[in-house]
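Student: Protein chains in written order, with the numbering used here: chain A, 1 to 290; chain B, 291 to 635.
Read the hints as simulated data drawn from the structure, not as lab findings.
These figures come from a predicted structure and were not determined experimentally.
Far from chain B by the CB rule (all over 10 Å, computed), these chain A residues:
hint, residue
1, I2
2, L8
3, I31
4, A71
5, D117
6, V143
7, A147
8, A154
9, D157
10, L159
11, M160
12, A161
13, T178
14, S237
Lysine to aspartate or glutamate pairs mimicking DMTMM-like chemistry, simulated, CA-CA at most 25 Å apart:
hint, chain 1, residue 1, chain 2, residue 2
15, A, K257, B, D537
16, A, K211, A, E127
17, A, K257, B, D435
18, A, K257, A, E3
19, A, K211, A, D6
Idealized CB from N, CA, C, for every residue including glycine.
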Amino acid sequence: MIEWLDTLIQGILLGGFFALSGLGLSLSFGILRIVNIAHGDFLVVAAYLGVATVTTSGVGPLTAILMVVPAMGLLGYLLQRGLLNRAIGTSELTPLLITFGLSIILHNLLQEIASADYQSLDAGLVETASLALGPIQVGWLPVGILAAALAVYAALDLLMARTRFGRIVRATVDDPETTALMGVDTRRIYALGMALSMAIVGFSGMLYGIKSSFNPQAGGSQLLFAFEAVIIGGMGSIWGTLAGGMALGIAQTVGYKLHAGWGAFAGHVVFFAFLLLRPSGLFARGNGHG
Amino acid sequence: MAEAMHPSARPHWRHARPLAGPALFGLAAAVLALAPWYGSADTLRLLVEFFALVAMAQAWNLLAGYTGFVSVGQQAFVGIGAYALFAIAIHAGVHPFPAVLLGGAAAALAGALAAPALFRLRGPHFAIGTWVLAELCRIAVGNTDWLGGASGLTLARVLRSVPAETRAHGIYWIALGLAAFSIAAIYLLLRSRSGLAVRTVRDNESSAQSVGIDVGRVKFAVYVFAAFLTGCAGAVAYLNTMFVSADAAFTVDWVALMIFVVIIGGIGTIEGPILGALIYFVLREWLADYGTWYVITLGLIAIAAMLFAPQGLWGLAAGRFGLRLLPADTRLVPDSAPEEKPHVP
Numbered sequence: 001m002i003e004w005l006d007t008l009i010q011g012i013l014l015g016g017f018f019a020l021s022g023l024g025l026s027l028s029f030g031i032l033r034i035v036n037i038a039h040g041d042f043l044v045v046a047a048y049l050g051v052a053t054v055t056t057s058g059v060g061p062l063t064a065i066l067m068v069v070p071a072m073g074l075l076g077y078l079l080q081r082g083l084l085n086r087a088i089g090t091s092e093l094t095p096l097l098i099t100f101g102l103s104i105i106l107h108n109l110l111q112e113i114a115s116a117d118y119q120s121l122d123a124g125l126v127e128t129a130s131l132a133l134g135p136i137q138v139g140w141l142p143v144g145i146l147a148a149a150l151a152v153y154a155a156l157d158l159l160m161a162r163t164r165f166g167r168i169v170r171a172t173v174d175d176p177e178t179t180a181l182m183g184v185d186t187r188r189i190y191a192l193g194m195a196l197s198m199a200i201v202g203f204s205g206m207l208y209g210i211k212s213s214f215n216p217q218a219g220g221s222q223l224l225f226a227f228e229a230v231i232i233g234g235m236g237s238i239w240g241t242l243a244g245g246m247a248l249g250i251a252q253t254v255g256y257k258l259h260a261g262w263g264a265f266a267g268h269v270v271f272f273a274f275l276l277l278r279p280s281g282l283f284a285r286g287n288g289h290g
Numbered sequence: 291m292a293e294a295m296h297p298s299a300r301p302h303w304r305h306a307r308p309l310a311g312p313a314l315f316g317l318a319a320a321v322l323a324l325a326p327w328y329g330s331a332d333t334l335r336l337l338v339e340f341f342a343l344v345a346m347a348q349a350w351n352l353l354a355g356y357t358g359f360v361s362v363g364q365q366a367f368v369g370i371g372a373y374a375l376f377a378i379a380i381h382a383g384v385h386p387f388p389a390v391l392l393g394g395a396a397a398a399l400a401g402a403l404a405a406p407a408l409f410r411l412r413g414p415h416f417a418i419g420t421w422v423l424a425e426l427c428r429i430a431v432g433n434t435d436w437l438g439g440a441s442g443l444t445l446a447r448v449l450r451s452v453p454a455e456t457r458a459h460g461i462y463w464i465a466l467g468l469a470a471f472s473i474a475a476i477y478l479l480l481r482s483r484s485g486l487a488v489r490t491v492r493d494n495e496s497s498a499q500s501v502g503i504d505v506g507r508v509k510f511a512v513y514v515f516a517a518f519l520t521g522c523a524g525a526v527a528y529l530n531t532m533f534v535s536a537d538a539a540f541t542v543d544w545v546a547l548m549i550f551v552v553i554i555g556g557i558g559t560i561e562g563p564i565l566g567a568l569i570y571f572v573l574r575e576w577l578a579d580y581g582t583w584y585v586i587t588l589g590l591i592a593i594a595a596m597l598f599a600p601q602g603l604w605g606l607a608a609g610r611f612g613l614r615l616l617p618a619d620t621r622l623v624p625d626s627a628p629e630e631k632p633h634v635p
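With the hints as constraints, model all of the structure from the sequences given.
Tutor: See below:
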């Protein structure tokens with residue numbers, strides 16, 4: 001019994017990471033209607049940027065977050081301005097295949113620059129320290145990641161609901177033509193939206209690099225996990241993605257407990273089960289599963 | 291469909307009636323069928339790879355170019371086709387040559403089972419959903435001892451009794467037959483009434499619904515048929531190498547290859563994927579020594595093509611020189627016109 005409670009808690013904590021990574025993906029779709037297939041590869045790129053920052057400047061990984069997150073945001077801005085804005089308003093196919101091409105380019109580039117070996121970001125004591133909740137040991141790192149995810153969710157919710165920038169973004173999403181007539185440079189809003197999404201991807205990537213070891217090929221699975229969190233949670237609701245991340249985290253932890261090789265498999269099965277039984281996700285909103 | 295909507299209207303929709311194109315393709319197939327008598331073993335092996343890629347690319351193009359749904363998970367069917375062939379040949383003693391069809395059937399079955407779930411997703415979400423399916427298959431196969439687990443399966447023992455020449459020629463003709471079948475089947479499908487339904491679904495699902503097309507059934511049939519072709523092609527590709535592993539057969543690199551070939555050659559045309567596959571093999575001969583830089587170059591070329599020449603090389607050539615070998619589209623022609631003119635899409 002205690003054992004399963006432990007699994008459940010570990011699953012929820014793991015879910016915090018999926019929720020954060022899924023938020024980056026659902027934000028770019030929500031604002032730009034672009035599904036960024038290179039999402040997972042950018043996440044891994046951020047982890048490698050972290051490694052580079054730590055080795056060149058000697059700061060710890062937690063400090064490196066402060067440099068990598070703005071760098072990824074800038075990268076997102078430039079990516080949208082230089083490349084993806086050209087694809088907006090064309091077919092659905094174009095942005096999909098462009099980001100797919102980027103994904104192939106990025107993981108091969110990482111392999112060329114950083115070799116195919118596994119690496120990790122060493123954050124020292126934070127990684128191993130744990131806290132005892134009765135008979136259950138909970139690591140400080142997963143707790144910290146979950147707390148960070150919740151903080152990002154709350155901040156984004158405030159940004160979208162309460163600020164002028166948030167209002168302009170929502171107006172652009174609802175009706176780009178009219179918003180442009182009101183004097184808003186919608187292409188700039190798209191670029192800022194992508195910057196925000198990629199900053200979150202950068203943050204997720206740093207946390208990912210601290211919590212696990214990674215290699216250039218890790219991006220594909222990271223995209224799928226983030227995507228599953230979004231779909232299980234229900235499209236169109238950022239808090240849905242949080243719940244979706246938790247559900248995925250629990251599924252993977254239970255799968256892993258049953259058989260070490262089957263963690264991700266169990267998550268994929270739960271994803272398909274949701275498509276069949278509850279395609280609009282946990283938190284359906286509006287006309288659903290788009 | 292067209293006649294039903296406008297029984298006596300003029301001008302009306304009709305297909306071009308090409309003779310030269312199909313004749314040219316028939317001739318090419320005949321010349322290629324004789325290759326075992328004049329080609330070296332290495333040439334034959336390379337051509338098998340080429341034919342398998344043509345069939346896979348035709349299937350991907352049928353989905354994305356003609357029906358309008360993009361998959362980045364076709365490697366699921368490559369792997370299922372290959373593994374079905376290996377498992378049936380090794381465990382059930384079926385000769386590997388006819389087992390190619392069983393590989394295709396297994397992939398079609400998997401496609402039919404996954405379709406009800408995947409079709410809940412639209413557009414780009416459908417695309418990533420198909421990738422999840424491929425990952426699910428990769429993990430399941432890689433953890434199943436009966437399928438060789440992490441180390442994979444080999445056909446060496448099964449094929450030991452078959453003389454090397456018989457083996458090479460047999461695989462070659464199967465691959466050629468598959469490529470020819472994929473081209474002919476898709477050509478005939480698109481020129482039939484069903485083909486018009488397929489394109490109507492791509493252009494506008496709700497208007498397709500409103501003229502009485504069963505959109506769900508059309509999509510299901512096209513998806514399952516594409517899975518069948520891709521499964522046969524995967525079976526052929528790994529019959530050629532005689533060794534299969536889960537990480538290689540279910541890798542996303544397979545679909546990246548199909549996409550590259552279709553985008554470079556020309557999406558939404560039957561000639562495009564053939565031209566794209568030719569270009570791919572030429573580039574590979576030139577650039578393969580550069581390792582990952584070569585893959586990066588292919589990615590950059592594909593992105594540039596998407597942005598600046600989305601109709602691909604065949605589309606550009608067809609537009610400029612009026613080339614149309616296998617026109618599968620319908621177009622408006624005046625009733626009195628004796629033969630239609632070359633057309634810029």
